[in-house]
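Q: Sequence:
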Amino acid sequence: MSLDEEIETELKHLKKHKELPVSAQSAFTCIPSRRAKSKEYKAGGHDSVFDSIYKRPTGYDQKIHRDDREHAKHQGLDIHGQEIARPVAVLSSSIYGRYLERRVDPINRNFVRMGIIALDFYRKNGISKSLEDGYGAVVPS
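Start counting the sequence shown at 49; every next residue gets the next number (the working numbering).
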């Protein structure tokens with residue numbers, strides 16, 4: 049093999065594997081090797097449409113009126129649990145009530161005894177506080 053033939057074969061191999069610049073490529077040529085977003089950020093629970101159609105669990109559920117409707121009447125569907133488990137909410141309405149466990153004023157029982165004493169003091173137990181009848185007059189209830 050001569051030097052010219054070797055150079056030609058090298059050039060053919062280089063031209064064959066050389067990619068076009070990004071500006072010259074079509075939008076449909078770039079296929080990612082892996083998914084960029086994790087499962088928490090996806091809206092659907094399934095990986096693909098193919099899996100949701102053809103990889104269905106076998107069996108019969110008598111409470112579902114059609115076999116192709118997986119979550120009819122919300123059976124086996126826990127939207128709130130899924131939304132709370134995600135670091136970022138998919139549904140925009142999930143922000144309401146998301147931070148209920150973080151209270152500004154935490155619930156404590158520091159003043160329970162004072163509340164019970166006040167409740168006992170103002171209890172309607174038949175003893176009136178009217179001054180006409182005298183102090184501590186008992187009025188039948």
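Everything labelled a hint here was simulated from the structure, so no lab data went into it.
A few of these clues could be false.
What the hints assert, rightly or not - What follows is a set of in silico ranges between Cβ atoms, one per label pair, in the way DEER data are often shown: (1) V136 to R161: 51 to 59 Å; (2) S100 to E54: 47 to 55 Å; (3) A137 to F76: 45 to 53 Å; (4) N158 to K111: 45 to 53 Å; (5) A133 to S100: 14 to 22 Å; (6) S142 to I165: 40 to 48 Å; (7) A137 to D99: 41 to 49 Å; (8) G145 to I101: 15 to 23 Å; (9) F76 to V97: 37 to 45 Å.
We treat Cβ as the ideally placed atom computed from N, Cα and C, and that holds for glycine.
Q: Tell me, which hint numbers fail for this structure?
A: Checked against the structure, the hints that fail are numbers 1, 3, 7, 8 and 9, while the rest are satisfied.
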